[in-house]
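Here is what each chain is made of, one letter per residue.
There are 2 protein chains.
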Amino acid sequence: MTASTIAQLLGTELPLIQAPMAGAQGSAMAIAVSNAGALGSLPCAMLAPDAIRAEIEAIRNAVGSKPYNVNFFCHHTPTPDAAREEAWRKALAPYYSEFGIDPANIPAGAGRNPFSDAAADVLEAFKPPVVSFHFGLPSEALLARVRGWSAKILSSATTVEEAQWLAARGVDAVIAQGLEAGGHRGHFLSHDLSRQVGTFALLPLVVKAVKVPVIAAGGIVDAASARAAMAMGAAGVQVGTSYLLCPEATISGVHRAALSGNEEARRHTALTNLFTGRPARGIMNRVMRELGPLSATPPEFPLATAAIAPLRAKAEGQGTGDFSPLWSGQNASGCKPIGAAELTREIAAGLRA
Amino acid sequence: MTASTIAQLLGTELPLIQAPMAGAQGSAMAIAVSNAGALGSLPCAMLAPDAIRAEIEAIRNAVGSKPYNVNFFCHHTPTPDAAREEAWRKALAPYYSEFGIDPANIPAGAGRNPFSDAAADVLEAFKPPVVSFHFGLPSEALLARVRGWSAKILSSATTVEEAQWLAARGVDAVIAQGLEAGGHRGHFLSHDLSRQVGTFALLPLVVKAVKVPVIAAGGIVDAASARAAMAMGAAGVQVGTSYLLCPEATISGVHRAALSGNEEARRHTALTNLFTGRPARGIMNRVMRELGPLSATPPEFPLATAAIAPLRAKAEGQGTGDFSPLWSGQNASGCKPIGAAELTREIAAGLRA
Chain A
55 MTASTIAQLL GTELPLIQAP MAGAQGSAMA IAVSNAGALG SLPCAMLAPD AIRAEIEAIR
115 NAVGSKPYNV NFFCHHTPTP DAAREEAWRK ALAPYYSEFG IDPANIPAGA GRNPFSDAAA
175 DVLEAFKPPV VSFHFGLPSE ALLARVRGWS AKILSSATTV EEAQWLAARG VDAVIAQGLE
235 AGGHRGHFLS HDLSRQVGTF ALLPLVVKAV KVPVIAAGGI VDAASARAAM AMGAAGVQVG
295 TSYLLCPEAT ISGVHRAALS GNEEARRHTA LTNLFTGRPA RGIMNRVMRE LGPLSATPPE
355 FPLATAAIAP LRAKAEGQGT GDFSPLWSGQ NASGCKPIGA AELTREIAAG LRA
Chain B
55 MTASTIAQLL GTELPLIQAP MAGAQGSAMA IAVSNAGALG SLPCAMLAPD AIRAEIEAIR
115 NAVGSKPYNV NFFCHHTPTP DAAREEAWRK ALAPYYSEFG IDPANIPAGA GRNPFSDAAA
175 DVLEAFKPPV VSFHFGLPSE ALLARVRGWS AKILSSATTV EEAQWLAARG VDAVIAQGLE
235 AGGHRGHFLS HDLSRQVGTF ALLPLVVKAV KVPVIAAGGI VDAASARAAM AMGAAGVQVG
295 TSYLLCPEAT ISGVHRAALS GNEEARRHTA LTNLFTGRPA RGIMNRVMRE LGPLSATPPE
355 FPLATAAIAP LRAKAEGQGT GDFSPLWSGQ NASGCKPIGA AELTREIAAG LRA
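If you read the protein sequences in the order shown, they are chains A and B.
For what it's worth, the numbering used here labels the leading residue of the first sequence as 55, then goes sequentially.
For what it's worth, the numbering used here labels the leading residue of the second sequence as 55, then goes sequentially.
These are calculated hints, taken from the structure and not from any lab test.
It should be emphasised that the depicted structure is a prediction, and the values quoted were computed from it without experimental measurement.
Hints are supplied without guarantee of correctness; some may be wrong.
Each pair may be met inside one copy or between any two copies, as identical chains are not told apart.
In silico DSBU-like pairs for lysine-lysine, Cα to Cα no more than 30 Å straight-line [claimed, not checked]: (1) K390 with K265; (2) K265 with K181; (3) K390 with K368.
Isolated chain A, as found in the complex (with noise of 0.2 Å):
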């Protein structure tokens, strides 16, 4: 265990980071969360680089020389497969019966971007503080240009062998995403769903295995559950969901009614790869319970996307989430329609010694 903890680390006032969220806030959410004086994340999946570099050019013009976070996945972009692409469309053919789509109309598509040399060289212009990844870790090459500018950098472990894996690679922390945590599973050692515990389990468990600091993800929702986290010796605290009903959060109104309406609707959680082709966790919805919520059907992420995203669109336009990912972790009791500032200051009340 360290004595230090990831504010040190980070340069930050605060061990508190805002879990990158990728389709669900962008940079005025990082600002808000930097000048409040933790470290603020910009989700970069399912940005191109000329949007990343706008967005940086926002947070840095907004928050001067305290730190943020820019967040990338590192996953394979897999070669499509017509026979499963196929086989998924066919699955969604009565929805598109129901919603009058044309399914000869929908383009394919990715989704979500892998961390690339196209990124990096955005990147390299404004050398950001702290980069963090999910699904593992990028080539050893990109990994080399991100440290090329002493950047820290973090990465999601579902596991004690990916913390390990992690470590031996170099991190400078490790993030213990524990089964709570809503959004995707970031596992990439093993897709066993099985292997996948629970934050009280994960985080004693990863503090004991690494060497690195840790920092707790999954359930960390409030001051008392972050104080919980520091005391089974996180180094920090990421905290997701609970900023998903801030002003600065870009969510769906369908997404934002759910977080924010029927308490027993939105403690029904799950995860599904029905949106994207990877586990993600969200608010159990109609196609979750009549094609999944976990299904072998859809495409290898992130292809899994294309086929379903004009049924989400036509649903949204009727009011209606049954067909969006309406992600959140297992407790959305955090959620507040409070600015990103004031409920990073409300939580930190938990990180105070």
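Following the hints, position chain B against chain A.
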């Protein structure tokens, strides 16, 4: 949230309950724990009335006026279904051949008994101060008998809805059993496993949802995790797995070996219904890998037990736990071959102000 701890409610020195673990411990462990100031528990699900009487007598003689807990399952005993039994034996047939077992000689058998008037008759003579239940609560008439001698009544909740259901029926405290916990899941309102959540999410949600004290279970393995659970609003903690290597535990040699052996192997647990018919968490082994870990084939709880029992016996005779329930929570790092009293004192260090 309540200011009182379960120590005040139950009359113990410490807000710590040793989890009842049927088949893994008897009166010896309960005695050691109660005498150390926590609440020792006697699991009665696998005991006939005479055995319950003998075990309680042993506890009473050894602990004097100190409180102790007797624990019961309260499932409905299902009607045997010949077709499901046949399907289950068919699934196991290759293993019967491998081990030279004649399936014609395997007796049927319930395996686990629910709380009953016969059990209540035994208890009435002793008036045990605490009675805890798993899988909900017994009938109102049976519960009234327990209330008749002013026993404190506890039961497990795996969801907010179950906690509210139990609180509405007058339990004195709710045990919030997070997904990390070893052994049988206590769920009883919904059998949808996607509703089962980690301790880091479940505990604060249950604490907010009910007025009775909440006991945290699942991933509480040592002083640090006990302290963290209290910081999240628990009025006490229940610890199971960590006690399994104590000399007072009655687990098999293969179970002991699995818990004390290779750390990577013991970290891989899963919920499986192969051993009893209900999902319970144990260390992954051969039969779980090959037939499950979850399967639609086994008969309803507890009827799955009979057909797999001879395989377990044969395999254990050959020194392997390939067919044994190796019950364990997701964090077995608290297991130590030390006396249950000493372990209780070590965990209790996290519970003192």
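Consistency of the hints with the structure:
In the homo-oligomer, the alpha carbons of K390 and K265 lie at most 30 Å apart only across protomers (23 Å), although the nearest pairing inside one protomer, at 35 Å, exceeds that limit. For the homomeric pair K265 and K181, the shortest alpha-carbon distance inside one copy (26 Å) is at most 30 Å, but the shortest distance between copies (51 Å) is not. Taking the shortest alpha-carbon separations for K390 and K368, only the intra-copy value of 28 Å comes in at or below 30 Å, while the best inter-copy value is 57 Å.
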